[in-house]
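Residue strings, one per chain:
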Amino acid sequence: MAAAAARERHAAAVDKASTGLAMEHPWDSADAARVAREKIAVAQAGAIATVAERSSEELNAVDGALASVVDTLTSAAELAVQMANGTYNAEDRLRAAAQARAQWTNALAALNVEIAGRYLLGGTEDQVPPFDPTTGAYQGDDGVRTIEAGPGMPIDVSVRADEVIAGANGGVDVLGALERFAQALEADDVAAIRTSLGELQTGINQVALGRSQVGSMQLSAEAAALTSREVELAGTERKAALTDADFVDAATELALAERALDATLSVTAKSFQLSLLDRL
Amino acid sequence: MSLFATLGTAGRALGVMRVAHATASHNVENASSQGYSRQRVELHAAQPASFLGGSFLGTGVHLGSVTAVRDRFLDEQVPAAMAASSFSAAASQTFTALNTLDPDDQFGLPASMGNFFAAVRHLSLAPADGGYRRAAVESAESMARALNRSSQEVVAARSAADQELQAQARDATRLAERVASLNAEVRRARGAGAEPNDRVDARRLAAEELSALTGARLSEQDGDLTVQLGATALVVGDRAASFSTSADPANGGHLALTVQSSGGGTTTLGDGEVGGRIGGLLHGRDSGLGAVEARLDELAFDFANSVNAAHQAGIALDGSSGRDLFVVGAQAGAAGRIAVTQEIVDDPTLLGTSATGAPGDNGGVMALLATESSALASGDVPAGALSTLIGDFGAAARSALNEADAAAATLSHVSGLRDAASGVSIDEELVELTKVQRNFEAVSKVLQTTDQMLNELLSLR
Chain A
1 MAAAAARERH AAAVDKASTG LAMEHPWDSA DAARVAREKI AVAQAGAIAT
51 VAERSSEELN AVDGALASVV DTLTSAAELA VQMANGTYNA EDRLRAAAQA
101 RAQWTNALAA LNVEIAGRYL LGGTEDQVPP FDPTTGAYQG DDGVRTIEAG
151 PGMPIDVSVR ADEVIAGANG GVDVLGALER FAQALEADDV AAIRTSLGEL
201 QTGINQVALG RSQVGSMQLS AEAAALTSRE VELAGTERKA ALTDADFVDA
251 ATELALAERA LDATLSVTAK SFQLSLLDRL
Chain B
1001 MSLFATLGTA GRALGVMRVA HATASHNVEN ASSQGYSRQR VELHAAQPAS
1051 FLGGSFLGTG VHLGSVTAVR DRFLDEQVPA AMAASSFSAA ASQTFTALNT
1101 LDPDDQFGLP ASMGNFFAAV RHLSLAPADG GYRRAAVESA ESMARALNRS
1151 SQEVVAARSA ADQELQAQAR DATRLAERVA SLNAEVRRAR GAGAEPNDRV
1201 DARRLAAEEL SALTGARLSE QDGDLTVQLG ATALVVGDRA ASFSTSADPA
1251 NGGHLALTVQ SSGGGTTTLG DGEVGGRIGG LLHGRDSGLG AVEARLDELA
1301 FDFANSVNAA HQAGIALDGS SGRDLFVVGA QAGAAGRIAV TQEIVDDPTL
1351 LGTSATGAPG DNGGVMALLA TESSALASGD VPAGALSTLI GDFGAAARSA
1401 LNEADAAAAT LSHVSGLRDA ASGVSIDEEL VELTKVQRNF EAVSKVLQTT
1451 DQMLNELLSL R
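As they're listed, the protein sequences go chains A and B.
Residues in the first sequence are numbered consecutively from 1, following my numbering.
Residues in the second sequence are numbered consecutively from 1001, following my numbering.
Calculated from the structure, these hints are not laboratory results.
None of the hints are false.
Pairs of lysine to any residue residues, derived as SDA-like cross-links and limited to a Cα-Cα distance of at most 25 Å, are as follows:
hint	chain 1	residue 1	chain 2	residue 2
1	A	K270	B	S1422
2	B	K1445	B	S1002
3	A	K270	B	A1420
4	A	K270	B	L1430
5	B	K1445	B	S1459
All chains should be modelled from the sequences, with the hints used to inform the complete structure.
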């Protein structure tokens, strides 16, 4: 009986040392429920972090697009200042109009930014270009996409392009302003050029404000990603502490179990030697 | 006393020595026989028959009896210890047959639940993306399959317990019949004036095995060994009970144990009404695994209904809504039945991810995610309900294992005490054989000497 018990303990020590697991089955430890909970929590934190990281990348792309639009509007405004000057004639303004049209096209291309077939500035209508490729009319909606910064804690990860670009709720239609600027240049209408200049300058401030919103969202997403990765790592370490065997302890336990088994077998063998059968 | 009388006395003594030798030899040969109690020859001085010169003269040795060395106290302790050990061993074995609730298993329930909500979370980033939709549906299928697997393993473990129960019921019937048959043999042998020690040992061994199977109590009445399980007589005299099993519709078709007592009455025994290995099987099957099966069904049912309620409000890419994500049916058997709605498996665009109808709106996905932290009908969130189930099962299994260890240690101790009291010591028997041998030699000398004296007398002229 003692030998059988010693053998069982030895087998358990071998299993623990070879697998590196201190807990495999629910009955191995009173922490089984905790391990299950940690496993689910680690998956949760990892997914939140991944989504936040990807959202941050998308917001980076949106920021790049808006920066490009700001640059375009700034160039257009500079051109407007120039062309509003009486030293330029109709021919000069006609050439400038071609430049303004190119600026409109560049801004449109930037605003129809996409990642993996999903348009980023259309609100929740992300399957079609948010700005019509021909007219520049806004085709998206006023929806704002959200993700989780933590379990049950939503944060916004998209900017309202209908406001920042299309001028909804009292703003300036940026693409419309560029179009009107080009038309004013083509018509050699200095007064209209000056009016366009005002719109362009308002547009620059409007888009810059949009960029700051994007920047703020990006910071939130990055913070959410960082925090969730830390939670994921801490959860992984806690789970490992509960399930993994300490190799030094496991090796010591194995050595002790081997000694105990050896001693039990020696005693058992000795007891068979102590018999009158060999002496009579 | 005459020389011829002395010859007769010596001859009888040689016969007694042969009986003593045979008894010691029998002990040595049965040193390893299970249930054997060593036997001792009781020798007495024979009644003096002659009165000569004012003194009674002895008439040699008389064989009293051959008795088995038994300790009645320990004989009563061992069956109870065997029953307790068998009960807890069987119960713990049914628990530890289950691997489906291993908390860190990469394909287990916690991993599947975590992956399901992770995939839904990824979907929140791009609800219209075909790849994310397919991944979310597959993770839901994995969750359903994990529940199916868990349920199947529990059902299989309970069915395995049923099969063993059938076999143990047959063994119990056989053992009861053997004890009854041996009761009759012992009574006949005693009626003829002899004490059938080996038959008594065999009867006790069979009765102890029956007790280990059923937890029955043993008692001796009028020389018969009576075996009683609660109010049900398993063996009375030469009459034995019989065990049978039949499917119990009230217990999902699992086997119920019925005993027809030696008196003729029929009783159905459930968990808690029978001990020993059979009791352990019933306890493990019903109170242990049965509880796990019921809680898995409850978890699957509540989880599916919680997710479905959120999903029904979600709008698919084609503008439709009102679909269930999971098909689950009634609560009983839910874990074995749960599956993702086939329509959605075939076409992930039917996953209800939007709250407004716009493809990029993830309101439906966020509603699905909210179920992760919403209490189920049982009162706990899904992760909490699952981890509590795993923790409770682990605690029950660990308790059963600890009880099995403790009961085995008690049995080992009590059996050791009984073996020390009733078992055969080779050294003792060798000493006894040597004593008998020398005694035989001495009596032979008496015969020889008496014979020489007779020769002297007969040669007188």
